[in-house]
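Going line by line, the protein sequences match chains W and V.
Residue 113 in my numbering sits at position 113 of the first sequence; the count goes up by one each step and never skips.
Residue 616 in my numbering sits at position 616 of the second sequence; the count goes up by one each step and never skips.
It is worth saying that the hints were derived from the structure and are not from the lab.
Be aware that one or more of the hints could be misleading.
The following label-pair restraints were derived from C-beta to C-beta distances [unchecked claim]:
(1) P309(V) / L107(W): 44 to 54 angstroms
(2) G470(V) / L107(W): 51 to 61 angstroms
(3) R448(V) / I110(W): 29 to 39 angstroms
(4) E85(W) / E489(V): 24 to 34 angstroms
(5) T55(W) / G325(V): 36 to 46 angstroms
(6) L18(W) / F89(V): 15 to 25 angstroms
(7) V299(V) / A48(W): 35 to 45 angstroms
(8) K619(V) / H106(W): 52 to 62 angstroms
(9) P309(V) / I31(W): 23 to 33 angstroms
(10) V242(V) / H106(W): 47 to 57 angstroms
(11) R25(V) / I110(W): 18 to 28 angstroms
Each computed DSS-like pair below joins lysine-lysine, with the alpha-carbon atoms no more than 25 angstroms apart [unchecked claim]:
(12) K88(W) / K205(V)
(13) K159(V) / K30(V)
(14) K634(V) / K676(V)
(15) K83(W) / K306(V)
(16) K306(V) / K27(W)
(17) K88(W) / K306(V)
(18) K88(W) / K202(V)
(19) K83(W) / K634(V)
(20) K202(V) / K83(W)
(21) K88(W) / K153(V)
(22) K153(V) / K205(V)
We put the beta carbon where it would ideally sit given N, CA and C, even for glycine.
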Amino acid sequence: MIRRIKSSDMVRVLSAFLSTYRAETTKDLLIIDAFLVFAAFTGVVVAAYCALVTTFPYNSFLSAFASCVGVFILTLCLRLQLKTEVFKITPERAFVDYLLCNLVLHLFVINFMG
Amino acid sequence: MKGGKQVDAVRKQLQEWSQAIVNFRFSAAKHAFLLKILILGLIYILAFSSRLFSVLRFESVIHEFDPYFNYRSTKYLVSNGLYNFLNWFDDTTWYPLGRIVGGTIYPGLMFTAALVHNFLHALHLPVDIRNVCVLLAPWFASNTAMVAYFLTKEVWDDKAGLLAAVFVAIVPGYTSRSVAGSFDNEGIAIFALLLTYLLWIKAVKTGSLWWSCACALAYFYMVSAWGGYVFIINLIPLYVLVMLISGRFSLRLYVAYSTVYVLGTLLSMQISFVGFQPVQSSEHMAAMGMFGILQLYAVITWVRSKMSPDHFRIFLRGLLTLAAGLFGTLFVVAWITGYISPWTGRFYALLDPTYAKSHIPIIASVSEHQPTTWASFFFDMHILAFLVPAGLYFCFKRLNDATIFILLYTLTSVYFAGVMVRLILVLAPVACIIGAIAASATLTSYMRYVKPSNRDSSVFPKEIGWGVVGAVTLLLIFYGLHCTWVTAEAYSSPSIVLAAQQQNGNRIIFDDFREGYRWLAHNTPQHARVMSWWDYGYQISAMANRTVLVDNNTWNNTHIAQVGKAFASSEENAYPIMLSLDVDYVLVIFGGLTGYASDDINKFLWMVRIAGSCDPKIKEADYETLGEYRIDDKASPAMLNSLMYTLSYYKFDQLQIEEAKPAGFDRVRNAEIGRKGISLTYLEEAFTSPHWLVRIYRVLKPGNRAWPY
Numbered sequence: 001m002i003r004r005i006k007s008s009d010m011v012r013v014l015s016a017f018l019s020t021y022r023a024e025t026t027k028d029l030l031i032i033d034a035f036l037v038f039a040a041f042t043g044v045v046v047a048a049y050c051a052l053v054t055t056f057p058y059n060s061f062l063s064a065f066a067s068c069v070g071v072f073i074l075t076l077c078l079r080l081q082l083k084t085e086v087f088k089i090t091p092e093r094a095f096v097d098y099l100l101c102n103l104v105l106h107l108f109v110i111n112f113m114g
Numbered sequence: 001m002k003g004g005k006q007v008d009a010v011r012k013q014l015q016e017w018s019q020a021i022v023n024f025r026f027s028a029a030k031h032a033f034l035l036k037i038l039i040l041g042l043i044y045i046l047a048f049s050s051r052l053f054s055v056l057r058f059e060s061v062i063h064e065f066d067p068y069f070n071y072r073s074t075k076y077l078v079s080n081g082l083y084n085f086l087n088w089f090d091d092t093t094w095y096p097l098g099r100i101v102g103g104t105i106y107p108g109l110m111f112t113a114a115l116v117h118n119f120l121h122a123l124h125l126p127v128d129i130r131n132v133c134v135l136l137a138p139w140f141a142s143n144t145a146m147v148a149y150f151l152t153k154e155v156w157d158d159k160a161g162l163l164a165a166v167f168v169a170i171v172p173g174y175t176s177r178s179v180a181g182s183f184d185n186e187g188i189a190i191f192a193l194l195l196t197y198l199l200w201i202k203a204v205k206t207g208s209l210w211w212s213c214a215c216a217l218a219y220f221y222m223v224s225a226w227g228g229y230v231f232i233i234n235l236i237p238l239y240v241l242v243m244l245i246s247g248r249f250s251l252r253l254y255v256a257y258s259t260v261y262v263l264g265t266l267l268s269m270q271i272s273f274v275g276f277q278p279v280q281s282s283e284h285m286a287a288m289g290m291f292g293i294l295q296l297y298a299v300i301t302w303v304r305s306k307m308s309p310d311h312f313r314i315f316l317r318g319l320l321t322l323a324a325g326l327f328g329t330l331f332v333v334a335w336i337t338g339y340i341s342p343w344t345g346r347f348y349a350l351l352d353p354t355y356a357k358s359h360i361p362i363i364a365s366v367s368e369h370q371p372t373t374w375a376s377f378f379f380d381m382h383i384l385a386f387l388v389p390a391g392l393y394f395c396f397k398r399l400n401d402a403t404i405f406i407l408l409y410t411l412t413s414v415y416f417a418g419v420m421v422r423l424i425l426v427l428a429p430v431a432c433i434i435g436a437i438a439a440s441a442t443l444t445s446y447m448r449y450v451k452p453s454n455r456d457s458s459v460f461p462k463e464i465g466w467g468v469v470g471a472v473t474l475l476l477i478f479y480g481l482h483c484t485w486v487t488a489e490a491y492s493s494p495s496i497v498l499a500a501q502q503q504n505g506n507r508i509i510f511d512d513f514r515e516g517y518r519w520l521a522h523n524t525p526q527h528a529r530v531m532s533w534w535d536y537g538y539q540i541s542a543m544a545n546r547t548v549l550v551d552n553n554t555w556n557n558t559h560i561a562q563v564g565k566a567f568a569s570s571e572e573n574a575y576p577i578m579l580s581l582d583v584d585y586v587l588v589i590f591g592g593l594t595g596y597a598s599d600d601i602n603k604f605l606w607m608v609r610i611a612g613s614c615d616p617k618i619k620e621a622d623y624e625t626l627g628e629y630r631i632d633d634k635a636s637p638a639m640l641n642s643l644m645y646t647l648s649y650y651k652f653d654q655l656q657i658e659e660a661k662p663a664g665f666d667r668v669r670n671a672e673i674g675r676k677g678i679s680l681t682y683l684e685e686a687f688t689s690p691h692w693l694v695r696i697y698r699v700l701k702p703g704n705r706a707w708p709y
């Protein structure tokens, strides 16, 4: 049965989701999630600047965007590794891997920025 | 008595020790480990030494054409340093255009060779750069065999790993591009390819950021090494897609692919030659699309676990509409504005093999780009040709993350190897891996009949076991013999030095090429410009150290067409072209005296075709008689008067090579030449090598009055 989605439906679904989420997440994961939102927001701002104002040093745009996306993905992976039991990795090891990947990422971001 | 007791104690101790030495047995695990180390060590030495035939038969010299450019670039890097190398503008090639070398090469090979050279010099082992370049590929082949062991160990087990290592060490498909002297990108690229795939499988199996980061760094090395990195960046997304479709999505896969894609793309753009292609060209769009789809899939999976089913249905529809709308418009806009460039000719020819013949004659003319014959498959892979399907069967029986990857790798490689002979190189390593899986699985199951453990009830007689094990062993022995023979006979020719057997069994060496280039280096002014067909450009640059017009890089089709037009026109019509290009010397390779079949007269039709692609007045039919390509008296006038004919057969009619044949008998075309008594007006003969392989002519400058005299 396919019926049109009303915006009120969507709001109801999203608010239910948000309340479940807030109930289930612990403090440290909330901090990581806030950082994720920040990284995503920065990425959107960078892309909007590129689209609206200028693409001119294109390599700088790419390195900035890659930095935002990279940090987002790496932090998300860290969050998954800390929370889910699928990975057989201790939290300390997960964190060290995360730092190493960030080091490699930012080394090349700075190199590519020009 | 105390002394006696001490002596007794000592004697008893000695007896214990001697008993321990006599009864010394490793535990089974230590035994296996030691055996593995020994076997791997022998494989390491085998891979290196089986590639040294040409060094033993001739000398330590760089082979073929492309390696000479790599050698010259490495010398430049070692003597001028990193920044000068990255900013190098070469004005001695593609006269008068020049070539931006720093931005148009894959620098991985030069960096690796320079690193090895500097490291050895830092240890005060002054190895010459030429020897480093010659022996780099065999050393990397040994390393590739080790990586193949670890890769197969991840996919199947260590027994299959050992077999894979020994297969990779000698498989002809790989040795053909990595013999000593073959200083080319493929020598290190195959190592980087297998390393990237090994680290990728480890990343997917563990889901750890450490392995994903290592995989991205190995991918960076691969991008710096070879243009074939496009294979990796399309196979990995294909693998992720297959995993998603077959319902094997897991968070480990998500972590692995996301990290590898983001880091890998950023890292690959550091190479100037690749530039912005990873975000702009069609060859990389699959990876980006897969990244988006994977994020979407992961979000949907996560949200589903947190919502009730009907809430989730509403959310899903909203999300999919939003995503489709957003990415759809972005993609369409990018495609229409031409931001996303279509597939380049080189890679498009892989999807549509008939494309190159009609549109890009230069790509079609390279013999390595022709489709593969069955004979080539057997020649280059021997028993692996039928072990590959067997290995596919075994992989299908044990489907997990790693075996699915190997299956996809095998199937895509088999397709590409069928399209282009050169790509058997990509098929060879994975054929070894999957062939090793087949052979090892067979041997393991039949060894159980030969030596049943306590758990098995030996239902089958021992003879069957011995029979099968014996047959497989025989196959492996034949493989070893074949591979060594192929490497020795077919793939160890330096091309720059030829050898032939005389009737009395003596070996004569034809060193004409190097003599010709050395003559140029010693007897021409420093700024002399040499016109030759593009095949010899790199060799002339490296050995003769003179300016050339066109070389093997073939980046400017029109310039090559100019040179082709000069060779296809008569001497009178070619002279203005040569003057306009400032040519001082013309170099021609002629094989009619020695029977060397890859000379310029045999390549002449390609010169006509390429020239005709830019100047419609030059038609291939003019140079043939009744559809046949001839050089005798029935050849067409355009052919007989062309500059190439003139320069190849000048004074050739004064030679009578054999008693039975007339003067001026061309050994390659097996015909007597049609135009005799050739005299030159605008050029003069400068040098002809002892066996007439290299012929160099000087272009005469116009005189002051009423010229030519």
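A quick look at each hint next to the structure:
1. P309(V) / L107(W): 44 to 54 angstroms: 46 angstroms, holds
2. G470(V) / L107(W): 51 to 61 angstroms: Since the Cβ atoms of G470(V) and L107(W) sit about 56 angstroms apart, the hinted range of 51 to 61 angstroms holds.
3. R448(V) / I110(W): 29 to 39 angstroms: At roughly 58 angstroms between Cβ atoms, I110(W) and R448(V) fall outside 29 to 39 angstroms, so the hint is violated.
4. E85(W) / E489(V): 24 to 34 angstroms: Between E85(W) and E489(V), where Cβ atoms are some 58 angstroms apart, the hint is violated.
5. T55(W) / G325(V): 36 to 46 angstroms: Because 24 angstroms falls outside the window, the suggested range is violated.
6. L18(W) / F89(V): 15 to 25 angstroms: Taking Cβ atoms as reference, L18(W) and F89(V) lie about 59 angstroms apart, which means the hint is violated.
7. V299(V) / A48(W): 35 to 45 angstroms: For V299(V) and A48(W) the Cβ distance comes to about 22 angstroms; the hint is violated.
8. K619(V) / H106(W): 52 to 62 angstroms: 60 angstroms, holds
9. P309(V) / I31(W): 23 to 33 angstroms: 31 angstroms, holds
10. V242(V) / H106(W): 47 to 57 angstroms: Violated - the Cβ-Cβ distance for V242(V) and H106(W), about 33 angstroms, lies outside 47 to 57 angstroms.
11. R25(V) / I110(W): 18 to 28 angstroms: This hint is violated: roughly 58 angstroms between Cβ atoms.
12. K88(W) / K205(V): 11 angstroms, holds
13. K159(V) / K30(V): 15 angstroms, holds
14. K634(V) / K676(V): 13 angstroms, holds
15. K83(W) / K306(V): 15 angstroms, holds
16. K306(V) / K27(W): 18 angstroms, holds
17. K88(W) / K306(V): 23 angstroms, holds
18. K88(W) / K202(V): Since the Cα atoms of K88(W) and K202(V) sit roughly 14 angstroms apart, the hinted pair holds (cutoff 25 angstroms).
19. K83(W) / K634(V): 84 angstroms, violated
20. K202(V) / K83(W): 21 angstroms, holds
21. K88(W) / K153(V): Distance of about 20 angstroms is within 25 angstroms: holds.
22. K153(V) / K205(V): 13 angstroms, holds
Against the hints set out earlier in the document, violations occur for numbers 3, 4, 5, 6, 7, 10, 11, 19.
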